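S.K.: Chains as they are written, first to last, in the working numbering: chain X, 183 to 386; chain W, 11 to 801; chain A, 791 to 1256.
Hints should not be assumed to be uniformly reliable.
So the derived list for chain W, only partly shown, Cβ under 10 Å to chain X, looks like this [what the hints assert, rightly or not]: (1) T182; (2) L193; (3) R199.
Quick caveat, the hints were computed from the structure, so don't treat them as lab data. Values in this document were obtained by computation on a predicted structure and should not be read as measured data. Glycine included, C-beta positions come from ideal geometry on N, C-alpha and C.
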Amino acid sequence: MSRLSDSNVAVAKEIIARYPRQKSALIPLLHLAQEQTGYISREAMVHLGELVGVTSAEVYGTATFYEMFRFEPIGKYLVNICGTMSCALMGSEKLMHHAEKRLGVKAGGTTADGMFTLAHAECQAACTEAPCLQVNYRFRLRVTTADLDNLIDDLKTGKLSDEIPVHGVLSKVRQHIAPDREVGAVAPELVNESPVWLNGKAAL
Amino acid sequence: MTIVDPVGEKIVVDPNVVNITINDKPVLARKGEFIIAAADRTDDFIPRFCYHPRMSSVGMCRQCLVEVETPRGPMMVVSCMTPVAEGQIVRTATDTVKKAQEGVLELLLANHPLDCPVCDKGGECPLQDQAFSHGPGESRFIEEKRHYEKPIAISEIVYLDRERCILCDRCTRFADEVAGDPLISFTSRGNDTQVLTFPDEPFSSYFSGNTVQICPVGALTAKPYRFKARPWDLDQTESTCTSCSVGCRIVVQSSRDELVRYQGVDIDPVNWGWLCDRGRYNFESVNSTERLTTPLIKDGSELATTSWSVALESAARLIRLALVNGSDSVAILGGARGTNEDAFAWALLADQLGISQRDAQLGDGLTPEIFNLPQATIDETCAASTIILLSPDLKEELPVLYLRIRDAAQKRKSRIVEFSSRDSGLTPYAWRSIGFEPGQQAQVVRQTLDTPEMSEQLRRGDVVVVVGRANLAENESLTLHALAELLHTVPNAKILPVLRRGNVRGAVAAGLTPQKNSGDAIDILTKAATGKVECLILLGADPFSDVADSTLVERAFAQIKNVISIDTFVNRSNRNADVVLPAAAFGEKNGTTTNLEGRVSNVTQQITPRGTSRPDWIIATELGLSLGADIGVSSLDELHQKMISCVAEFSSCADVSAIQSDGVLMVHETPVTISRSPIVSIDRNSYNYRLVVSRTMYDKAQSTVASQSLSGIITEAAIYVHPLDLARIGVVEGTSVRVGIDGTNIVIPVNANNGVHRGTAWLPYNHTGVDIRPLLNIASDIVDVRIEVIK
Amino acid sequence: MSVTYAHAPGFVAGDRPKIVTSRFEFADSYTLERYLATDGYKGLRAALSRPANEIHDDVKNATVLGRGGAGFPAGTKWGLTPQQVWPRYLVVNGDESEPGTYKDRLLMERDPHQLIEGCLIASYAAGLSQCFLYIRGEMALAQERVATALNEAYAAGYIGKNILGSNFSIDIILHWGAGAYVVGEETALIESLEGNRGMPRLKPPFFPAANGLYGQPTIVNNVETLANLPWLMCNGVAAYTAVGTKTSPGTRMVAVSGHVKRPGVFEIINGTTTFRDLIFGEEFCGGIKDDNKLKAFVPGGGSAPWFTPDQLDLPFEASQVGPAGSMLGSGAVMVMDETTDIPAAALTLTHFYAHESCGKCTPCREGGTWLERILRRIVDGSGTDADLQQLLEVGAMICPGDFPHAANEKLGLKAVPFPYKMTTICFVGPSAFAPVHSALTLFRSEFEARVTKRVTIPVTAVGVSS
Ligand SMILES: Cc1cc2nc3c(=O)[nH]c(=O)nc-3n(C[C@H](O)[C@H](O)[C@H](O)COP(=O)(O)O)c2cc1C
Ligand code: SF4
Ligand code: FES
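Isolated chain X (complex conformation) (with noise of 0.2 Å):
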């Protein structure tokens, strides 16, 4: 069963209560299923699609836009190497070849022992510090062809378990709001007043 866990279902709704609109919650909620299985399954949009008051066919279509979501099981680690301007610039695809032998995959492919996905990315929003990859959306700049043995090295020996989650985990930190401070969504059709503050006076 790929559904969400119950505790997920509690942390969903959670979620979700945090908006306005409730289809507003599916793209954290895919994140969180794809936390607890490592991919999208089918079980799970049809879940979603309860939770938030949709059909499975709008959770399919939003799910496929994006393209961290992924609708078959990968590697336990995914190897993002980016491929873009200033990363072109200076030697990704020396990186890329480097790791596709030492991985023994091609770009988008997952090692036979399932423990790594080796694949293209576009820019990273670190492009001063290239060639850069993200492991599991951790990154790692400068990247050399040492580097990259290194890393995989690590990886395999479990050494930086504590930093890089498996695939699927993302934020490490939920965002939490206790009830007595949280002011609360509203649906937009239920407000009709201007904040009280906006009455021309301090509000402190």
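Following the hints, put chains W and A with the ligands in place on chain X, whose structure we already have.
M.R.: The following block gives chains W and A with the ligands in isolation, referenced to the frame of chain X:
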């Protein structure tokens, strides 16, 4: 528009009109309309793909680019999403515009397969047409085109060819915005974008055929039409769909004297171009090889073919024989499936013969008196600030009315107040949906309307009550009591009656309704059961499937001596008839029909009637001659004229061109009122489930069963309860249970359904498999059943 | 002049006024503790002690320019919301994905509280009822840092109900994307935030300020734009406008990448710093890598038409860069030296935009991929000379005009005519063309060297029939 006031020379400016110029020619435009809509009233055609006047604009295909003058020079805008503005200068054919339009077309064709010769759309394809009129003339794309698996079935009816798709968002927008069934969606992104359903989940929308009609290429095709014909060998005529009482305008197309396709026609007051799939595809039944093609006559225990003269003579003899025992020993049931003229001819004949027992409604409607309450049109309903639903599930029974009301609730800020015993297709759009247990409706209505919140809402503006028989396991009087409560609280409310079968309104007006205090269909059958009806004439009626109380029908048919049936198929009710006369079907005859709001419009003949079948009105005329009861007409036109002059309701129908387009509203009699009765609530044993029996879009209706593309969609009969009740019963979904009342039992699978209220059980009417009608007893107000696990 | 590398990778502090990067030198710059120790939330306090409309006026008077690409003044944008329509929302654009751009991620990772404080000030000033902080999906650390900061700030009473005991209450909701460049475009960002496919909406009618999130007035601001507000509130309008020029006051963050000696992110003085300063200045990149010659540079993110050494002396000032044929965009300079394979460089960018097309507009969806395919053919050595013209013709389907014949020399500049007319909704379509167009116009000989003259092959030679 500027109007010069002759006296004061004051210039009056209509605030809703703006002056623009298109290609230097002045054009009057409506405030808020898009440039493309204004241009459509001129000779300057702007090419387009994604724009559809009945849906919101998305500006997606970029084909409709034009230039608009701005202080900074000409600016390119999409005309489908740019509103007109006073003084706007639009150019649709400058070099830049031409270049842009040619560019977009070349790009659309880049990945489009060149398979026009084998494409269903070839010859009527906007992409093909506009490639000729606005395209570059050649493609320079030498790359490999996109490849996808060739057409995939996305539902029972619709096929999708993604290679041909130009991603205009029309089908997906329709499904979401118009039908409310977002079961197809764009998936992936950029160059990989495709329309798809959720994996292994079909596009099971009642309105899927509309996506095929509005697809601007051959990406979406429908099974019933695939490879049937090419546009250039199609003949067509405009008509009105009579599959239900909404009366959508359609174009009926044929090829080689076979119906091959219906397309929706956009008329403002009714269907806006949309059709439901049942109405769109049940033309297959007209082509069915099972159709009756010759008269039949009873020969021993079998029906044998015979000639018209023999058949008519026999029918006349049987009627004459019965009339000897008084005019009340003959009765006529049906007539709501034909034209107004058919019904009128039969009413004339009945008048001549003194037959007063007639009823076009078959015990599943409301008393025709409600047609004399103040009536609302569909447009008035959709413009009302409150729409009260005391009706069957419109999505199931009057699908296009459902689309209109849904639109009113979504876009026009009408508020729906729904009273129902089961969630309906409109429940998600209702402002308030108030459940009631069958039998409690009058009380619930009274209590609800008394609340301050509801009173305030009702005061906000016009109120229309959509009213009909929601539950076939319930006596008609319950709905009428609730209606009386509504009208008592909101005396100014108008009503829109929900009618089963296409032409109830016309048949009743034409006179196929109980005369001189004689009873309705149920009374006729009840009388027949006691042997008092000798000869029953069925005008396209099949009481064995139309009338809910099957025991009553069986008892009646056991006593009736002779049955004369005028029909298009052999069915259970006429299988043992004495005479069966083959009737011309829809598409095979001309005439007029009347929809639920009393709108009269024409139906037209497009193909020759199968075999020797004839329109009902001709049969009435000829039977009259055999009986020596000449109804005095010799042509359809004469009949029509006579109807207009004799029937007050039809007196407005002289305008032929109106009848051939938007239709004409019939004249209503002086309004009546209905009175309240004391409220009694019907208590029950808590172990019982109170039955809700209602119709769904696809059931064993003859026209559905005989249409091969639709017949597969009809589901097996089952009983549905709330999931918690299913848990209480203690079986898993799909288990057969015993459902019983007073010693009558049926065994039927049980399923859970969230839309069924607790303590009630829903039985869809007339599905395949188990016959549920033994449970229905017209004599009782409501039906309570026990559901028992079979040990 | 001393150059200090701070803890933020890539960031170069230098001896310049710091408005948004003042805390980057601290290793714990992202904690609430450090933030409070360095004037944190003082700007908020200052703002709340005055009426909201005055705060809005300050932002208007300071001409805080949008840092997301278009450079529209934030105060003016807030004022475009229709009167008396509530609720209104703030959507923070932290989707930074424009090739070459690297600043918002730093601001979120290094100083999340500054961003939060900026959101609070903006919401107070413009009367916004809820704030959504949309962070690019691939930025795990930024999400963690911002989530932590939000949790701290909620607990400490800076966000939520009755902030600092005032009548100002607002939630800030952390939201993140899932990998789609186009979602950086504000209307696509809103679609995405509604849980939909991130496809841009047409403006008009969907100008977010009037018709945005859930159809309500919505302010979309870039991370850096909002990060300016705490400093502005603490130091006042005069101090803010004293930095930079009149039309481009303050500072801005610029990432200089590619073939330079010391690539890095700098907070520079707006309006006066030139590209020459940035690329060759000792306090910035210190010249071209390996002392090679400069061939070309992209002045404002991957979408911007390219410049050559001709334009080195232009300052970072929109009013001068625009007429010169490009744009400042998102503060991203990418430098190419003489060793650069120009067609290949253009291909990486065209591939990027073709790949990132949302698929809505025909010209972008079909044209972008077509451009990429032709270009790839040329780079791979199998292009023909007809392909060069074809590139321009396909480009003209996205950006109609007389490009194939535009005599840019007539403008006295070696540059392409810009801005483009466009047949698409957003700039992704034209962006796929801009690099090809620049490369082909400025370095045509490199393309010509790569293609062969088309040869007519006799039919029999390809074995059709004999
Ligand atoms: C294709 C495209 C991508 C964009 N990407 C970003 C982005 O990643 N981050 C950003 O802040 N603005 C981006 N923008 C600009 C936004 O649409 C918007 O103008 C900006 O967020 C407004 O904030 P500002 O006024 O504070 O600059 C992009 C615009 C386009 C057309
Ligand atoms: S230009 Fe491209 S990315 Fe932008 S809206 Fe159109 S198709 Fe989408
Ligand atoms: S018809 Fe206007 S963009 Fe498609």
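S.K.: Which earlier hints can't be squared with this structure?
M.R.: Failing hints: none at all.
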